[in-house]
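K.L.:
Protein sequences, first through last, are from chains A and B. Residues 1 to 406 (the working numbering) are what the first sequence spells out, left to right. Residues 407 to 683 (the working numbering) are what the second sequence spells out, left to right.
Just to be clear, a hint being listed does not mean it is correct.
[To be verified] Pairwise CB distance ranges, derived in the manner of DEER restraints:
hint: 1; chain 1: B; residue 1: Arg665; chain 2: A; residue 2: Leu44; range: 40 to 48 Å
hint: 2; chain 1: B; residue 1: Ser436; chain 2: A; residue 2: Met328; range: 54 to 62 Å
hint: 3; chain 1: B; residue 1: Arg677; chain 2: A; residue 2: Arg107; range: 53 to 61 Å
hint: 4; chain 1: B; residue 1: Glu525; chain 2: A; residue 2: Met328; range: 55 to 63 Å
hint: 5; chain 1: B; residue 1: Arg666; chain 2: A; residue 2: Asp400; range: 41 to 49 Å
hint: 6; chain 1: B; residue 1: Ser494; chain 2: A; residue 2: Phe379; range: 43 to 51 Å
hint: 7; chain 1: B; residue 1: Ser494; chain 2: A; residue 2: Val292; range: 34 to 42 Å
hint: 8; chain 1: B; residue 1: Arg495; chain 2: A; residue 2: Leu198; range: 33 to 41 Å
Hints listed in this document are in silico derivations from the structure and should not be mistaken for laboratory results. Cβ atoms here follow ideal geometry from the backbone N, Cα and C, with glycine treated the same way.
If you want the building blocks of each chain, they are given just below.
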Amino acid sequence: MSEGSFLRVRAIAKKEVVEFTRDWRTIIAIIVIPLLMFPLLFILFPVLLQSEAAELDALELSIVIQTDGLPENLAENISLSSINYTIELLPNLTSLSEPGKDIERVRNSSTDAVLRFESNDDVWGYAILHLSTSERSTEARYRLLTTLSEWEDSEVRERIELGGLDVNTTLDPLRWDGEISAGDVATSGEQSGMILSLFIPLVLAIWTYSSAIQPSIDMTAGERERGTLEALLCLPCTRMELLMGKWLAVATITGVGVLLQIFGLLFAIGYLASSSFIGVPQLSMVSIGLIVLSIMLFAIMVVAFELALAMRSHSVKEAGSILAPALMLILFPALFTQVINLDGIEGFWFAIPVVNILLALRELLMNRVITEHVLIWAFSSVVYASLAAYYASRQFNREDIVTSLS
Amino acid sequence: MPKSLLSIQGVTKNFAEVKALHEINLEIYSGQIVGLVGSNGAGKTTLLRLMAGVYKPSNGTVNLSNGESVTTMRHELGVVPESTGLYSRLTAWENIRYHSRMHGIPDSISWARTEKFAEHLDMKDSLSRHTKGFSRGMKQKTALLRALAHGPNILLLDEPTAGLDITSARTVRALVRQLRDEGGTVIYSTHQLAEAQQVCDRIVIIHNGEIRADGSPSKLLEDTGTVSLEEAYVSLTQDQARTREEDNDKESAFSGWWRRLFTPRTPKTTREVMESE
Numbered sequence: 001m002s003e004g005s006f007l008r009v010r011a012i013a014k015k016e017v018v019e020f021t022r023d024w025r026t027i028i029a030i031i032v033i034p035l036l037m038f039p040l041l042f043i044l045f046p047v048l049l050q051s052e053a054a055e056l057d058a059l060e061l062s063i064v065i066q067t068d069g070l071p072e073n074l075a076e077n078i079s080l081s082s083i084n085y086t087i088e089l090l091p092n093l094t095s096l097s098e099p100g101k102d103i104e105r106v107r108n109s110s111t112d113a114v115l116r117f118e119s120n121d122d123v124w125g126y127a128i129l130h131l132s133t134s135e136r137s138t139e140a141r142y143r144l145l146t147t148l149s150e151w152e153d154s155e156v157r158e159r160i161e162l163g164g165l166d167v168n169t170t171l172d173p174l175r176w177d178g179e180i181s182a183g184d185v186a187t188s189g190e191q192s193g194m195i196l197s198l199f200i201p202l203v204l205a206i207w208t209y210s211s212a213i214q215p216s217i218d219m220t221a222g223e224r225e226r227g228t229l230e231a232l233l234c235l236p237c238t239r240m241e242l243l244m245g246k247w248l249a250v251a252t253i254t255g256v257g258v259l260l261q262i263f264g265l266l267f268a269i270g271y272l273a274s275s276s277f278i279g280v281p282q283l284s285m286v287s288i289g290l291i292v293l294s295i296m297l298f299a300i301m302v303v304a305f306e307l308a309l310a311m312r313s314h315s316v317k318e319a320g321s322i323l324a325p326a327l328m329l330i331l332f333p334a335l336f337t338q339v340i341n342l343d344g345i346e347g348f349w350f351a352i353p354v355v356n357i358l359l360a361l362r363e364l365l366m367n368r369v370i371t372e373h374v375l376i377w378a379f380s381s382v383v384y385a386s387l388a389a390y391y392a393s394r395q396f397n398r399e400d401i402v403t404s405l406s
Numbered sequence: 407m408p409k410s411l412l413s414i415q416g417v418t419k420n421f422a423e424v425k426a427l428h429e430i431n432l433e434i435y436s437g438q439i440v441g442l443v444g445s446n447g448a449g450k451t452t453l454l455r456l457m458a459g460v461y462k463p464s465n466g467t468v469n470l471s472n473g474e475s476v477t478t479m480r481h482e483l484g485v486v487p488e489s490t491g492l493y494s495r496l497t498a499w500e501n502i503r504y505h506s507r508m509h510g511i512p513d514s515i516s517w518a519r520t521e522k523f524a525e526h527l528d529m530k531d532s533l534s535r536h537t538k539g540f541s542r543g544m545k546q547k548t549a550l551l552r553a554l555a556h557g558p559n560i561l562l563l564d565e566p567t568a569g570l571d572i573t574s575a576r577t578v579r580a581l582v583r584q585l586r587d588e589g590g591t592v593i594y595s596t597h598q599l600a601e602a603q604q605v606c607d608r609i610v611i612i613h614n615g616e617i618r619a620d621g622s623p624s625k626l627l628e629d630t631g632t633v634s635l636e637e638a639y640v641s642l643t644q645d646q647a648r649t650r651e652e653d654n655d656k657e658s659a660f661s662g663w664w665r666r667l668f669t670p671r672t673p674k675t676t677r678e679v680m681e682s683e
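With the sequences and hints as input, model every part of the structure.
P.N.:
Structure, rendered in structure tokens:
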């Protein structure tokens, strides 16, 4: 590339970025949302869950207990769970789980649940009728199950003692010796890489595509619709320079968006959720270099593809209606890639478009550099990126892109 | 005889089956204002785009005097398309500077030229404003400044006074004449005969993609034996004007079928109109 050509590409890219970022909506879309999305999700969601849980805990529930004799200590425990109950006789049913006539009062919420409790010599039988679509009823069921489980536990211990056995050795004859986590020979860095590999490639793929949609459309179909493209095509720059300048601008905007989102995600997980939950992945310089290469190849392909589709479109509306559903081409392979087992994976997976880069990222984040895989994904990605760039250049060379408002 | 700057030889331009321009031969000489006059869809814009190197001819050549194709010598040209093509989120000066940089002109030089012409167009105070709030006239003037900032030899103007108020149109025309007086060459597309007569040294009448006449206003009157340019134009373009076929989007068979499926048939009788309600 000559110096003049480089300067023109830089001028195009700079102008596009400046113009794009002067729209406040763009700043929100490429900076504020990516940066705050995950932290807000990780802060607000637990707060919301906690407040809902506290609200449920404070509820005084009322239930009906149908029994032929309820043990005193169990009745006491149920009362301690903020449950008010009325005792009734057991109805005549083939099984305790059969709703019978009680179905109506559970469904119309006149009682939160019905506990049926029957003694059978040494064994007790029970069933709980509840309405799974009601939070009160589900909470009543949960409290009853917890109380019954605790009561059962104490009953078991009592019976073991009565039989003259040691409770601990009888209930827990097989024990892990020492720290369970010490048995994992993977380093904390490798473990972090493993966790990161589950969502970083997914976020990267989806966000790269989706954040490139708006600038791609604005810089192609948008220019065409606003009538600015014709003046641009009269300038002494080649269509290839135009494509490269615009590609650089979209890639910069997208890159900033993706980096901010990943930063927000790591901050949310590593700092807000639990500082011990995830650490810094242990990566070699080769892995880091290959990660950068894979992201670059992916970005070249995706951005060129989007620019080409947007340039093909006659209007912003048409471009939007093509690019938005085309996200499926990224989303499905991205989701599919998450469930592929990397141990002993066949080489051909690394030649499938989109899948190849996502698998490569998963491997590299776990610091696995397998030469055969690297060669396959690098070569295939170069081919796909070149094809996308060639397709984009063909679209930019079309004569009918010069339809002005006139 | 003035020097030839731009030579159009045997140019034909087709858009699919539509012949937008047919066998165009035209020499553009330095120091002239050449008016391209024609109705909507005549082929003026197509010819200007060919001169600007935006379109490639289907046949023939569009070369500068040194024999180079215009696509390789675009810095010789300053173009103002009809839509002006200004970026609304940039200031007027940023718009001008962007194009100048693409021409490889240092900012200081383009600023000096811009300042000179902005004074003439009464635009100096508006150079730092975003073009979003500009009137049509201000946009047109900014586009003109942008086209002049790199010092082109030939200026291509596509309907430069369309939609302008009287004062703005006069200012633009005055600047065009000033440029000619300073030795510049201007190709001026318009469909207003009065304007062409007022501004241009030479008028090229285009109709249905063909050149019907080429000469000074007085020569056109003489050749057609008429007393006004309007009469001369009518006598030269008596066949019906076509539509702008080149702007019609090509549509695939599936797209056409799909569109027709959801387009109700246009009623032809009063009864059908009432029934459709």
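K.L.:
None of the hints should be skipped; say for each whether it holds.
P.N.:
Structure-based check of each hint:
no., hint, verdict
1, B:Arg665 with A:Leu44: 40 to 48 Å, "holds, 46 Å"
2, B:Ser436 with A:Met328: 54 to 62 Å, "holds, 58 Å"
3, B:Arg677 with A:Arg107: 53 to 61 Å, "holds, 59 Å"
4, B:Glu525 with A:Met328: 55 to 63 Å, "holds, 56 Å"
5, B:Arg666 with A:Asp400: 41 to 49 Å, "violated, 22 Å"
6, B:Ser494 with A:Phe379: 43 to 51 Å, "holds, 44 Å"
7, B:Ser494 with A:Val292: 34 to 42 Å, "holds, 36 Å"
8, B:Arg495 with A:Leu198: 33 to 41 Å, "holds, 40 Å"
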